[in-house]
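Spelled out from the first residue to the last, the chains are:
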Amino acid sequence: MPTTADDHPAGTTNGPGRDPVVEAHGIYKTFPGVVANADVDLRLERGEVHALLGENGAGKSTLASVLTGLYQPDAGEIRLDGRPVVLRSPREALAHGIGMVHQHFKLVKRFTVAENVALGDRTQPILMSAPDVHRSVVELSERYGLPVRPDAVVGDLTVGEQQRVEIVKTLYRGVDVLLLDEPTSVLTPQETEALFDTVRAMAADGKAVVFISHKLHEVLSIADTITVMRDGGIAGNVDAADTSVRELAQLMVGREVMMEAPGGDGQAGEVVLELDDVSVDERSRRGRLDQLSMTVRAGEVVGIAGVSGNGQRPLAEVAAGLIEPDRGRVRVNGRDVTGRPRAARKAGLSYVPEDRIGTGLASSLSVAENLQLTRAHRPLLDRGRWSTDARRLMEEFDIRAPGPSTTTSSLSGGNIQKVLLARELAADPDVIVAASPTRGLDVGAIEFVRQLLAQRREQGCGVLLISEDLDEIRALSDRILVLYEGRIVHECAAEDSDVTELGLAMAGAGS
Amino acid sequence: MLGLERRSDVPAWIYVAVPVIAVLLALAVGAVFLVFTGHDPLTVYRVMIQASFASTFGFADTLVSATPLILTGLAALVSFRVKLWNIGAEGQLYIGAVCASGIALLIGESLPGWANILMMLAAGAFGGMLFILIPAIARAWLRTNEIITTLLLNSVALLFINWLIFGSRSFWRDPAAGQFPQGLRIPDEAYFPRWGATRVHLGLVIALLAVVAIWFVLNRTRFGFRMKILGDSESAARYAGVPVRLMVVAVLLLSGALAGLAGAADVGGFSRRLDPNSLAIGMGYAGIIVAALSRLNPGSVILVAIMLGGVRNAGTALQSLPERVPMEIAVMLEGAILLFALGSEVLVRYRIHWPWSKGPALDASPEEAEAT
Ligand SMILES: Nc1ncnc2c1ncn2[C@@H]1O[C@H](COP(=O)(O)OP(=O)(O)O)[C@@H](O)[C@H]1O
Ligand SMILES: [Mg+2]
Numbered sequence: 012m013p014t015t016a017d018d019h020p021a022g023t024t025n026g027p028g029r030d031p032v033v034e035a036h037g038i039y040k041t042f043p044g045v046v047a048n049a050d051v052d053l054r055l056e057r058g059e060v061h062a063l064l065g066e067n068g069a070g071k072s073t074l075a076s077v078l079t080g081l082y083q084p085d086a087g088e089i090r091l092d093g094r095p096v097v098l099r100s101p102r103e104a105l106a107h108g109i110g111m112v113h114q115h116f117k118l119v120k121r122f123t124v125a126e127n128v129a130l131g132d133r134t135q136p137i138l139m140s141a142p143d144v145h146r147s148v149v150e151l152s153e154r155y156g157l158p159v160r161p162d163a164v165v166g167d168l169t170v171g172e173q174q175r176v177e178i179v180k181t182l183y184r185g186v187d188v189l190l191l192d193e194p195t196s197v198l199t200p201q202e203t204e205a206l207f208d209t210v211r212a213m214a215a216d217g218k219a220v221v222f223i224s225h226k227l228h229e230v231l232s233i234a235d236t237i238t239v240m241r242d243g244g245i246a247g248n249v250d251a252a253d254t255s256v257r258e259l260a261q262l263m264v265g266r267e268v269m270m271e272a273p274g275g276d277g278q279a280g281e282v283v284l285e286l287d288d289v290s291v292d293e294r295s296r297r298g299r300l301d302q303l304s305m306t307v308r309a310g311e312v313v314g315i316a317g318v319s320g321n322g323q324r325p326l327a328e329v330a331a332g333l334i335e336p337d338r339g340r341v342r343v344n345g346r347d348v349t350g351r352p353r354a355a356r357k358a359g360l361s362y363v364p365e366d367r368i369g370t371g372l373a374s375s376l377s378v379a380e381n382l383q384l385t386r387a388h389r390p391l392l393d394r395g396r397w398s399t400d401a402r403r404l405m406e407e408f409d410i411r412a413p414g415p416s417t418t419t420s421s422l423s424g425g426n427i428q429k430v431l432l433a434r435e436l437a438a439d440p441d442v443i444v445a446a447s448p449t450r451g452l453d454v455g456a457i458e459f460v461r462q463l464l465a466q467r468r469e470q471g472c473g474v475l476l477i478s479e480d481l482d483e484i485r486a487l488s489d490r491i492l493v494l495y496e497g498r499i500v501h502e503c504a505a506e507d508s509d510v511t512e513l514g515l516a517m518a519g520a521g522s
Numbered sequence: 002m003l004g005l006e007r008r009s010d011v012p013a014w015i016y017v018a019v020p021v022i023a024v025l026l027a028l029a030v031g032a033v034f035l036v037f038t039g040h041d042p043l044t045v046y047r048v049m050i051q052a053s054f055a056s057t058f059g060f061a062d063t064l065v066s067a068t069p070l071i072l073t074g075l076a077a078l079v080s081f082r083v084k085l086w087n088i089g090a091e092g093q094l095y096i097g098a099v100c101a102s103g104i105a106l107l108i109g110e111s112l113p114g115w116a117n118i119l120m121m122l123a124a125g126a127f128g129g130m131l132f133i134l135i136p137a138i139a140r141a142w143l144r145t146n147e148i149i150t151t152l153l154l155n156s157v158a159l160l161f162i163n164w165l166i167f168g169s170r171s172f173w174r175d176p177a178a179g180q181f182p183q184g185l186r187i188p189d190e191a192y193f194p195r196w197g198a199t200r201v202h203l204g205l206v207i208a209l210l211a212v213v214a215i216w217f218v219l220n221r222t223r224f225g226f227r228m229k230i231l232g233d234s235e236s237a238a239r240y241a242g243v244p245v246r247l248m249v250v251a252v253l254l255l256s257g258a259l260a261g262l263a264g265a266a267d268v269g270g271f272s273r274r275l276d277p278n279s280l281a282i283g284m285g286y287a288g289i290i291v292a293a294l295s296r297l298n299p300g301s302v303i304l305v306a307i308m309l310g311g312v313r314n315a316g317t318a319l320q321s322l323p324e325r326v327p328m329e330i331a332v333m334l335e336g337a338i339l340l341f342a343l344g345s346e347v348l349v350r351y352r353i354h355w356p357w358s359k360g361p362a363l364d365a366s367p368e369e370a371e372a373t
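Residue numbers (our numbering), protein chains in the order written: chain A, 12 to 522; chain B, 2 to 373.
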């Protein structure tokens, strides 16, 4: 059987040796119209945790993909232990001991953990030796603190567990260099802590770990070395020991940023949104709600914390009237709007859905059209007015687009979100339901979105903020509710919220 | 490495060049077949052009062939715009013809001609709608795949019209016809007016009006805006408060109505009776080609329909050549044009990156990009 390279028995590591293990020199990678990597140098050493920090679109994933053979660089060179190599595919990279856990997992849901681990390992005979694989999985998971059961079916696992499977999978192939692309974006604080322990254990074992993230705090707490990327290039390379959040943020964005939205003292007014004993039990909706009751008052931001899949989507959609709950009522400004999206809007609700493209916006339509998407229209359209409206909103919300007739999908992520917010805020709502409004945005855009929400709150608007980003919830909310399996399991004022307590509640271990 | 790259923006000339090249390539393939079957491709093509485009009467006949194609092209266009795949225009056209001829026969001479014609048009549209109603409802509420339902119903419709004329003593069949069954002629009053001495008939005007109307609906009405949203994403449509199920039904009904109109146009303007032999020549399927080649632009539908109409029209002329070129060459060309047009769609969206072109695949090299 042809093998691409020397075979690594499971779990083998080469002890700490010569540094650096991987070097990238002058990497260029372009996609049509985008320079994703421009003259990037990177140097990874054995035994270090090397963070790759940068805003979305900075080119982190591209660089990681180049290093793991998924993309071919247009120019530049990769060296392993000083020798130039060409990595033509992820398989070749693996053969050289370089593995990656992608942002989107590549597991076969119907297979067991062990089967997934063995999958693609060409050293396995056609009929794989199950006991061997099982043993290796158990061994690896104990050694690096990655609790997974080899015979569990992957489809039944939580996202955090699936991530562990991905890591075990690469370890099983004997990697010396492991790249983790935004690994914490799907984890609870506790799971994140556990991952950090694993990462440290791997580094202690002499592996080089590349930790990709756009979260400053995280990077500071796990990394030894931090390389900051901006616009496809390297913005700086610093030692974690002698840098600060402020410096990193500045390197990322290229200017000073203010991440805490100004919070006034909360004087909440009338109830503007009320969910009364709402239950949704539908599997296809990704999560359910279980007799949930809550209110949002004018001038207050209520943050919903929780791990995704615990009912965030049905909560947002029920609140917006888009789905009819199996029981319970929804009231906006006292008016019953249960299951009636247009009535909800008429009563003063705006909804910023989690899926901007494909739900909040029809991305093949123009900016002007998207700004009209949720408005009530007469049978004959007045398109002339649409473009004047669009020009005004583009100005007001600083939407950078060539013009109102530009196709929305051609805008950058931040500007796309601004189109959505501009439309929803221009309706002058009394209550805004915002689901992950800053997810995937770059620091500049995050700042802008947060300011907008805070400003509306000042003006007396109630905000229901649903986000997986605990930092964001804490920075913006007056009151925090933790959602777990469709129920509010914890409630506290934002000032006296405690990360550990919130994290425990998010994991279902709350008091 | 040989590869394809997505074009960031498509230059305007591509939209013209690609279909033209598709047609030329189709002609080249056709030429190969003609050579193998012992014909001179140049002569054949010259005859085709002369027959269809070079004389007034030839061109008039091309327009006659193009008339139903414009309508079936629009039928495909409106449904494809919202990613609904009605490929049952063929069957809807037959049923439209059944209804149109039926109403004309029922009315007889009891109404003035113009009223009869209006009733025929309405009945044609109604028949097309009726025939797509079940697939539409099944699609909207049960998510039944409309490709399959509409396609299967085409056979049902074909069997039905054949039965009406050849297999039964139905109301549509001419009782006087003995050995050779045929449809009963509609009253003279119900004939569509013709233009001068040509065979171009009122159907063409109706088809052109339909193009304008569809353009207006798509671009200037709430209904069209909703179609656009739904065509982009169903989830966005639901979010925007578009009544998705009703829209699905309405769009499919509109599509069926346009196909049914094409059936009415054949009855009133061309065969003047329910004539399976005149109807079952794939005008509904050709509409799919028309819609695809027009890139779902109502205006381009006219040009594409005339082009294909010309090819179809020339098929007949070919048979009068001394060496009797088979008429099927026209059908083959039509198919080849579709294949090349679909294939060249890749070239509209992507650019080929040849192995020997070096450097980064971008308009500007990184150095240049940096310098700006
Ligand atoms: N496969 C691709 N095709 C086209 N453009 C891409 C592709 N992958 C990434 N890009 C573009 O390259 C830039 C860098 O993206 P990426 O490396 O994913 O950034 P990050 O991981 O830092 O968020 C972005 O502008 C992105 O749109
Ligand atoms: Mg990324």
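These are computed hints drawn from the structure, not numbers from a lab. All of these numbers come straight from a predicted model, not from anything done at the bench. Where is the CB? At the ideal position from N, CA and C, for every residue including glycine. Incorrect hints may appear among the rest.
Unchecked claim - Under the rule of at most 25 Å between Cα atoms (straight-line distance), these lysine to any residue pairs were calculated in the SDA-like manner:
(1) B:K229 - A:G395
(2) A:K117 - A:G166
(3) B:K229 - B:W196
(4) B:K84 - A:A354
(5) A:K357 - A:A387
(6) B:K229 - A:G414
(7) A:K117 - A:G171
(8) B:K84 - A:S375
(9) B:K229 - A:A354
(10) B:K229 - A:P352
(11) B:K229 - A:S416
(12) B:K229 - B:R239
(13) A:K117 - A:E365
(14) A:K226 - A:D480
Stated by the list, open to error - Label pairs and their calculated CB-CB ranges:
(15) A:E406 - B:L247: 48 to 54 Å
(16) A:E406 - B:L210: 57 to 63 Å
(17) B:A55 - A:E406: 55 to 61 Å
(18) A:T399 - B:A198: 50 to 56 Å
(19) A:R411 - B:M328: 54 to 60 Å
(20) A:G37 - B:E346: 34 to 40 Å
(21) A:H115 - B:I138: 33 to 39 Å
What the hints assert, rightly or not - Residues from chain B shown here face chain A by an in silico Cβ test under 7 Å; the list is partial:
(22) W196
(23) R200
(24) S234
(25) S236
(26) A241
Now for the hints, and whether the structure bears them out:
Distance check on the hinted pair: K229 (chain B) and G395 (chain A) sit about 18 Å apart at the alpha-carbon level, within 25 Å; holds. Only pairs whose Cα atoms come within 25 Å are accepted, and K117 (chain A) paired with G166 (chain A) is accepted, the gap being roughly 12 Å. Of the pairs offered as hints, the one joining K229 (chain B) and W196 (chain B) is violated, with about 37 Å between alpha carbons and a cut-off of 25 Å exceeded. Between K84 (chain B) and A354 (chain A) the alpha-carbon distance is near 29 Å, which puts this suggested pair outside the 25 Å criterion.
For the hint linking K357 (chain A) to A387 (chain A), the alpha-carbon distance of about 10 Å falls within 25 Å, and the restraint holds. The suggested pairing of K229 (chain B) with G414 (chain A) holds, with an alpha-carbon distance near 20 Å, which does not exceed 25 Å. A threshold of 25 Å between alpha carbons decides the hint, and for K117 (chain A) with G171 (chain A) the separation of about 14 Å falls inside it, so the pair holds. Distance check on the hinted pair: K84 (chain B) and S375 (chain A) sit about 13 Å apart at the alpha-carbon level, within 25 Å; holds.
Restraint check for K229 (chain B) and A354 (chain A): satisfied, since their Cα atoms lie roughly 23 Å apart, inside the 25 Å limit. A C-alpha spacing of about 20 Å is found between K229 (chain B) and P352 (chain A), which places the hinted pair at or below 25 Å, so the restraint holds. About 15 Å separates the Cα atoms of K229 (chain B) and S416 (chain A), which keeps this hinted pair within 25 Å; it holds. Annotation: proposed proximity of K229 (chain B) to R239 (chain B) holds, straight-line Cα distance about 13 Å (limit 25 Å).
Using a Cα cut-off of 25 Å, the hinted pair K117 (chain A) and E365 (chain A) holds, with the two alpha carbons roughly 23 Å apart. Proposed proximity of K226 (chain A) and D480 (chain A) is supported: the alpha carbons are some 10 Å apart, at most 25 Å. Roughly 37 Å separates the CB atoms of E406 (chain A) and L247 (chain B), a value that falls outside the hinted 48 to 54 Å. For E406 (chain A) and L210 (chain B), the hinted distance range of 57 to 63 Å is not satisfied, since their beta carbons lie about 41 Å from each other.
Restraint check, A55 (chain B) to E406 (chain A): a C-beta distance of roughly 57 Å satisfies the suggested window 55 to 61 Å. For T399 (chain A) paired with A198 (chain B), a C-beta distance near 53 Å keeps the hint of 50 to 56 Å intact. Separated by about 58 Å at the C-beta atoms, R411 (chain A) and M328 (chain B) satisfy the suggested range of 54 to 60 Å. Between G37 (chain A) and E346 (chain B) the CB atoms are about 37 Å apart, so this pair conforms to the stated range of 34 to 40 Å.
Evaluation of the 33 to 39 Å hint for H115 (chain A) and I138 (chain B) yields a pass: the beta carbon distance comes to about 37 Å. Because the beta carbon of W196 (chain B) sits about 33 Å from the nearest beta carbon in chain A, more than 7 Å, this interface hint is broken. Taking 7 Å as the C-beta contact cut-off toward chain A, the hint placing R200 (chain B) at the interface is violated, the least distance being around 38 Å. For S234 (chain B), the interface hint holds, since its Cβ comes within 7 Å of a Cβ in chain A; the closest pair sits about 5 Å apart.
The interface hint given for S236 (chain B) is met, as the beta carbon of that residue sits about 4 Å from the closest beta carbon of chain A, less than 7 Å. The restraint placing A241 (chain B) at the interface with chain A holds, with a minimum CB-CB distance near 5 Å, inside the 7 Å limit.
Against the hints set out earlier in the document, violations occur for numbers 3, 4, 15, 16, 22 and 23.
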